[in-house]
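Asks: Position chain W against the provided structure of chain D, taking the given hints into account.
Taken in sequence, the protein lines are chains D and W.
Okay, so the first sequence: first residue is 1 according to the working numbering, each after it adds one.
Okay, so the second sequence: first residue is 1001 according to the working numbering, each after it adds one.
Derived from the structure by calculation, the hints contain no laboratory data.
Predicted, not measured: the structure shown is a model, and the values here were computed from it.
Heads up, the beta-carbon is just placed ideally off N, CA and C, and yes, glycines get one too.
Every clue listed holds true.
Not everything, but these chain W residues come out facing chain D in the computed CB check (under 8 Å):
| hint | residue |
| --- | --- |
| 1 | M1018 |
| 2 | Y1029 |
| 3 | N1062 |
| 4 | G1112 |
| 5 | L1135 |
| 6 | T1142 |
| 7 | L1268 |
| 8 | L1270 |
| 9 | R1446 |
| 10 | L1450 |
In silico DSS-like links for lysine-lysine, alpha-carbon gap of 30 Å or less:
| hint | chain 1 | residue 1 | chain 2 | residue 2 |
| --- | --- | --- | --- | --- |
| 11 | W | K1016 | D | K455 |
| 12 | W | K1455 | D | K16 |
| 13 | D | K455 | D | K237 |
| 14 | W | K1016 | D | K16 |
| 15 | W | K1455 | W | K1303 |
| 16 | W | K1016 | W | K1455 |
There are 2 protein chains.
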Amino acid sequence: MIEAGTVPPPNTLRLKRMGIDSYQEPVLYTRRDCHVCLSEGFEAQSRVEISLEGRRIVATLNVVDGPLLDESEADLSEAAWRLLRAQPGDTATLRHPPPLESLGHVRAKVYGRRLTPAAFDAVIADVAAGRYSDLQLAAFVTACAGERLDLEETVALTRAMVNAGERMRWSDGLVMDKHSVGGLPGNRTTMLIVPIVAACGLRMPKTSSRAITSPAGTADTMETLAPVELDVPQIRKVVDAAGGCIVWGGAVRLSPADDVLIRVERPLDLDSQGQLVASVLSKKAAAGATHVLIDMPVGPTAKVRSAPAAEVLARQLSLVGEALGMRVRVAHTDGSAPVGRGIGPALEARDVLAVLRHESNAPGDLTQRAVHLAGELLEFGQAAREGQGAALASAVLADGRAWRKFQQICEAQGGMREPPRAPHTLPVAAARSGSVISIDNRRLARVAKLAGAPKSPCAGIDLLVQHGDFVERGQPLFVLHAASPGALAYAAEYARSQPDTIHVVEDA
Amino acid sequence: MIEAGTVPPPNTLRLKRMGIDSYQEPVLYTRRDCHVCLSEGFEAQSRVEISLEGRRIVATLNVVDGPLLDESEADLSEAAWRLLRAQPGDTATLRHPPPLESLGHVRAKVYGRRLTPAAFDAVIADVAAGRYSDLQLAAFVTACAGERLDLEETVALTRAMVNAGERMRWSDGLVMDKHSVGGLPGNRTTMLIVPIVAACGLRMPKTSSRAITSPAGTADTMETLAPVELDVPQIRKVVDAAGGCIVWGGAVRLSPADDVLIRVERPLDLDSQGQLVASVLSKKAAAGATHVLIDMPVGPTAKVRSAPAAEVLARQLSLVGEALGMRVRVAHTDGSAPVGRGIGPALEARDVLAVLRHESNAPGDLTQRAVHLAGELLEFGQAAREGQGAALASAVLADGRAWRKFQQICEAQGGMREPPRAPHTLPVAAARSGSVISIDNRRLARVAKLAGAPKSPCAGIDLLVQHGDFVERGQPLFVLHAASPGALAYAAEYARSQPDTIHVVEDA
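The following block holds chain D by itself, in its conformation from the complex (with noise of 0.2 Å):
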């Protein structure tokens, strides 16, 4: 009795590019009356698998009302689009997605109880498949958060952690690394740490990360001064050949779950002992490395705290490194002030330049905490013997070791170039006479921002004066740097409502 009609469309929709950005969570728009949502009975938030040309993710859907789209339909949020490597024009095919199992080893976790390894790598596959959702995400890290990870769950998280993402592997002997825990402005230390290490004849196979919410991360940085965006064989080819790298993590997929974790993780601020050491030792021991260093500050404003709180986590680091086969050494540094005077990509490569260049204008903070943290890893990896390390450091540096060192890495990544320059600059004066009482990183990190850092890498400002200075009325305190008028012109306008940024005051 039901009339012959068209038979009902398959799963496709048609994808439409708008370009919306959901941080890093694959998200699916599609019209209410879709078809496939009737169908289907996909609601908002319904997770929807999605697949194309043998590829599947999964992603949660948004539904639309009006005339964004029409019932034939989809949109991807920019993170759906990257995993899916799909086109506009390509017609995707949507399903419900098999029962996510791994999600029972979650709630036991909630319900307090301890997970096994194989658990572990059932939730971590999982997870770096991208088949969880935020909240999905936000349970596991809740569950894990606090002292709710012992010991060989750790190891297990890590293990497991590892596992799900390439690893690279090297000839015998050692493979240096370091990482910063909470890692300081303006801080490229790693640009000539890893010259310096390198020059003294220890292997160090460098990743690093873009900027997040800063205006230079030090891929951006080094990206000023050669390629970054190498895979794992040019890698091996770079550090075969010279012995070190500087290049970006995120085009080789070390430990991917620990990039879709630390997104949950950044906003819920959690404490979480067993998943910072996962997080920093799975990157680690995906790279490959014996002898990891750790740049742990220590002050009432950095990620630890407190001395006996930076005791529990160093030596939480070194069991758990010791159980994925590697040695840990944790450096104190202090953490209190940026380093260097350039703030944006090209001018931080400055900075380092003229350390490496040994420049009279180079900056002596940056020099100082770089051979400090180089001599430590010196002495670790026994280029130096112990207390000799910093010496030797800083006679690399002013040889021209490093320096050397430094270009032929940089050409090996594909060929060296120049900073570029801003065609466009601004000096911002001083409003008195007077002493510079405070600068205000946050908001200097802002200026640059607006001055287009770190999409045009040109951009930026350059500081001019220190913390203690005195200056004149009329002085440039520092200088914007822009790609464009319009950008220098926003940027100054807003680093003139915002005059205490450098604050002056006048001498009594």
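Replies: Okay, now just chain W, sitting in the frame of chain D:
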């Protein structure tokens, strides 16, 4: 030295409506390069306070690249439009939200500490005001899951939830209420219980929900017979006049934090007795109930799976209810099959009317269930002696008192009307002769939604057979109802593609 120029625009953007429904989470969409994002440092996933004419909400930012929005425009998710009471073209101001101090309590709970009543008050006030992101809600829900709330904390959470919303207050005397734990599809007993109980002189102001994922909620079904969107003064008037009401709970802000928490509890699907108790009882306490009957289906596929589990839950409901000044009684019912014959608002209303009018085609299962639960309420409210409630309920149904009371309630709510009839119907016939061995309720619900329920109140399914019936080939199994020929054909095609929705097996 800064050039004079245009002052940066204030932190305002013009609202444009694209119609994106991110479920209930308020989301703000802006261009990544809009001036507010640049000057405030907002990034994808930033929390942003949006204010408009004194109203403020906090939303999560999704940034957009491309032509959807220009630099001076912003869009809101549907939840945000609603909460902000904004209109397209309004100019909203964007700011960093004030720090969310109550998150400290969530962290304390994550780390395993007990929370004080003041801590729950602070958290729940922020939750009800929409200041928590979905991730933060997930962390709170996870931290309170399992057995993590003790009795005192559950009482404190319930009180905090009541205090965060409106409260209905009644003159002295009993105020009856009921709640189903994990309700059944098609279970429209509420529309029978209220008139029966009110006809026996007990007061029963009942708020119900609309469909979330089902083809009809009680509020949707009731709305085909009378208005249901009443505010608190209107509800009071109806109950004063008729002794009871059946209205939509969404129109009054009773325990609004519960609605917020439920949107993350549902997808996480964690067992959390404390939260279940707080959710149920906060709504009832806010509605001013003195006597609450809990309909608790127990069974392997129900929310409550075993008799001991039911026992523990019942005890906690009683104790927390008592602390809030309510008496709680638990009725165990069978939780296996759907109830009634219609699926969809008007068709379910027709079943209810058939029972009330004592018509010959009234579904017996619906009558039976309503009589059982109404009987429990009558005994609980001392309108009948123990063991005689069901008989009284049955008599009140049989002699027309319940039907007259129902009409009185509908008139008081704004006027009784006939449920709409679908202009297009189509019987779906058995493909073979044999016995009905199973009915797939989930698929039937999907067919009803394809036909247009609950958006088209007349749409849905009229089920003509029951489990165990013998049918002849070509005999109609159910009739599809739809508002348009397109929806009818579409639902019919889907039904044809799923021939086992009503599974008929030839007798051996």
